[in-house]
Amino acid sequence: MKRITEDQIGRLVSFIDDRISDADSLQEEAHRIVTALRVTVGKQIGAVRYFRASPSSGAAVAEHANASWNLLVSIAGIWRDHSEFPSDAAVETFDFDTESPLKSTE
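Each step along the sequence shown adds one to the number in the working numbering, with nothing skipped, and position 90 is 90.
Take the hints with a grain of salt, since some may be wrong.
Listed next, with one range per pair, are the computed distances between beta-carbon atoms [said to hold, decoys possible]:
hint, residue 1, residue 2, range
1, 50, 26, 16 to 22 Å
2, 29, 87, 30 to 36 Å
3, 26, 52, 29 to 35 Å
4, 17, 53, 37 to 43 Å
5, 43, 6, 17 to 23 Å
6, 82, 46, 20 to 26 Å
7, 63, 40, 15 to 21 Å
No more than 16 Å apart at the CA atoms, straight line, and that leaves these computed lysine to aspartate or glutamate pairs for EDC-like [claimed, not checked]:
hint, residue 1, residue 2
8, 2, 92
9, 43, 17
10, 2, 84
For the record, the hints were derived by calculation from the structure and aren't laboratory data.
From the three backbone atoms N, C-alpha and C, an ideal C-beta is built for every residue, glycine too.
Could you build the full structure based on these sequences and the hints that come with them?
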């Protein structure tokens, strides 16, 4: 997580925020889905910023920050083909084994 800069966080967050529709203009199920996505994104952003500012630097803190960041990167990946996708900011904090993608290689 230390290799992720505040600029990268800001650009990824702005990109995601710009892609999520305004829930007020949507009806029923679409409104709930967009609202849930906004809540999820907001909580992950808060977690990343909280853990980065945390005075403790234990493995649990780093693991939580990495998980929150990786979820944000995954959400941004929905729009990977978008011309403004910030690929240099959307860097995951761990690598995956292609044979077993749920297992971290670190």
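Hint-by-hint comparison with the structure:
1. A hinted range of 16 to 22 Å for the beta carbons of residue 50 and residue 26 is inconsistent with their spacing of about 30 Å.
2. For the pair residue 29 and residue 87, the supplied restraint of 30 to 36 Å holds, since their beta-carbon distance comes to about 32 Å.
3. Look at residue 26 against residue 52: about 32 Å separates their beta carbons, and that is inside 29 to 35 Å.
4. Take residue 17 and residue 53: their Cβ atoms lie about 20 Å apart, and the range 37 to 43 Å is violated.
5. Distance hint for residue 43 and residue 6: a CB-CB separation of about 19 Å, consistent with the stated range 17 to 23 Å.
6. A hinted range of 20 to 26 Å for the beta carbons of residue 82 and residue 46 is consistent with their spacing of about 24 Å.
7. The given range of 15 to 21 Å is respected by residue 63 and residue 40, whose C-beta atoms sit roughly 19 Å from each other.
8. Straight-line distance between C-alpha atoms of residue 2 and residue 92 comes to about 12 Å, which keeps the hinted pair within the 16 Å bound.
9. Of the supplied pair hints, the one linking residue 43 and residue 17 holds, its CA atoms being roughly 13 Å apart against a limit of 16 Å.
10. In summary, the hint linking residue 2 to residue 84 is not supported, as the alpha carbons are separated by about 24 Å, beyond the 16 Å threshold.
The structure fails to meet hints 1, 4 and 10 from the earlier list, while all remaining hints are met.
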